[in-house]
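> With chain B fixed as given, assemble chain D onto it according to the hints.
Number of protein chains: 2
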Amino acid sequence: MADDLKLFRTWSSAYGLRIVWALKLKGIEFDTIFEDLADKSPLLLQYNPVHKKIPVLVHNGKPVCESLVILEYIDETWNEAYPLLPKDPFKKAEVRFWTKFNEEKLLPSIKKASLGHGREKEEARALTPEYLKHAEEQLEGKKFFGGEKIGYLDLVFGWMAYLINVLEEVDGTTLINRERYPLLTKWMEIFYEIPVFKESWPDRDMLITKFQNYVWT
Amino acid sequence: MADDLKLFRTWSSAYGLRIVWALKLKGIEFDTIFEDLADKSPLLLQYNPVHKKIPVLVHNGKPVCESLVILEYIDETWNEAYPLLPKDPFKKAEVRFWTKFNEEKLLPSIKKASLGHGREKEEARALTPEYLKHAEEQLEGKKFFGGEKIGYLDLVFGWMAYLINVLEEVDGTTLINRERYPLLTKWMEIFYEIPVFKESWPDRDMLITKFQNYVWT
Numbered sequence: 007m008a009d010d011l012k013l014f015r016t017w018s019s020a021y022g023l024r025i026v027w028a029l030k031l032k033g034i035e036f037d038t039i040f041e042d043l044a045d046k047s048p049l050l051l052q053y054n055p056v057h058k059k060i061p062v063l064v065h066n067g068k069p070v071c072e073s074l075v076i077l078e079y080i081d082e083t084w085n086e087a088y089p090l091l092p093k094d095p096f097k098k099a100e101v102r103f104w105t106k107f108n109e110e111k112l113l114p115s116i117k118k119a120s121l122g123h124g125r126e127k128e129e130a131r132a133l134t135p136e137y138l139k140h141a142e143e144q145l146e147g148k149k150f151f152g153g154e155k156i157g158y159l160d161l162v163f164g165w166m167a168y169l170i171n172v173l174e175e176v177d178g179t180t181l182i183n184r185e186r187y188p189l190l191t192k193w194m195e196i197f198y199e200i201p202v203f204k205e206s207w208p209d210r211d212m213l214i215t216k217f218q219n220y221v222w223t
Numbered sequence: 007m008a009d010d011l012k013l014f015r016t017w018s019s020a021y022g023l024r025i026v027w028a029l030k031l032k033g034i035e036f037d038t039i040f041e042d043l044a045d046k047s048p049l050l051l052q053y054n055p056v057h058k059k060i061p062v063l064v065h066n067g068k069p070v071c072e073s074l075v076i077l078e079y080i081d082e083t084w085n086e087a088y089p090l091l092p093k094d095p096f097k098k099a100e101v102r103f104w105t106k107f108n109e110e111k112l113l114p115s116i117k118k119a120s121l122g123h124g125r126e127k128e129e130a131r132a133l134t135p136e137y138l139k140h141a142e143e144q145l146e147g148k149k150f151f152g153g154e155k156i157g158y159l160d161l162v163f164g165w166m167a168y169l170i171n172v173l174e175e176v177d178g179t180t181l182i183n184r185e186r187y188p189l190l191t192k193w194m195e196i197f198y199e200i201p202v203f204k205e206s207w208p209d210r211d212m213l214i215t216k217f218q219n220y221v222w223t
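Chains B and D are the protein sequences, given in the same order. With my numbering applied, the first sequence corresponds to residues 7 to 223, in that order. With my numbering applied, the second sequence corresponds to residues 7 to 223, in that order.
Chain B with its partners taken away, still in its complex shape (with noise of 0.2 Å):
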């Protein structure tokens, strides 16, 4: 029997959009439901009852919730095709640190940056080229984050090559300075012209419309 799969995601969502690409990599075929957080379908309640958030993954009738957990259960279970993470255990755990520092560094303060308001806008703004600087430094010598191909902390990272310009409108100032992380920059626009992510990037007029009314929570 072939296998039954399911994606749980929005049409903007970088959390979402992560679990895309790893099955895009993977050449796994799977269906896609696109939800509405401002009403959730039922299914949605009933695969993540504790979150209530996308992404979900259903394999075969079981739910997987969690961006990163899911991205480790589709490279453990489809590992042959395309491994994300590499094998050696310590090269590994340098993957986690990385991936861990961009969900409470690295992403928090940019959001923080240009959609953020008052003093907790200028202290994201303060830390931010900290934190790019060592992201920049992990591409040294390197085409990818993973190396010669992409790799998991490529799709971790990947939500910076379509939001960066679009948070960068929205907030009118400019995030990166290009010539101050020019690996950075340029993996970017490599990451964004990848073939198999092409058809998956959101539209970026909705997506500035999208930024322009957010509110913070």
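Be careful, since some hints might not be right.
Pairs involving identical chains hold if they fit within one copy or between any two copies, as the list cannot separate such chains.
Cut-off 25 Å, straight-line C-alpha distance, at most; resulting in silico cross-link-like pairs (SDA-like, lysine to any residue) [stated by the list, open to error]:
(1) 155 x 214
(2) 68 x 153
(3) 58 x 129
(4) 97 x 29
(5) 30 x 98
(6) 111 x 101
(7) 59 x 95
(8) 12 x 123
What the hints contain is simulated information worked out from the structure, not anything from laboratory work. Since the structure is predicted, the reported quantities are computational estimates derived from the model, not experimental observations.
Structure of chain D alone, referenced to chain B:
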């Protein structure tokens, strides 16, 4: 050559103790370097320049940072001696899901409910029962979160076994109604009595003093 293992931790941190418990369960010898977070050692700053935090595990000169990253590293590097994570990808995903739940929901909520102030404390006290209910449910029909034996998730939730009654004494309130959460209550008692963990428990009076002087940052 025998492995050279150094663990940088503090006397009281639950994040550091997770690593102690994992190494003890696997019967791996290691040296401990106790850090004073008010006066961090040059070695800690060298090994964890990004976060400057404990725990750090240095294995043959190579540092691994972040407690959950270290736990996975230990389990992958010395897998045969007492495996911590289940082998099955779906069961592993469930463990990772509840791990994230502890880190982002249960632990912060109980910390705020006991050491927080004002509205933040009230909100946390209102949310905690729902989180505890989820944790209680994970123990249904099982002795440990890991099943018949202590597993990865037990180490993640292990902080409760030695901190809940300390926080209750400091705050002068009940954080966990023992009658409403009998499985969790029993589990905390059993976890605290595990022979190889016994020598790792921080001094209770010192913990009370520490949290009485706790300043939220």
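> So, against the hints stated earlier in the document, which numbers end up violated here?
1, 8
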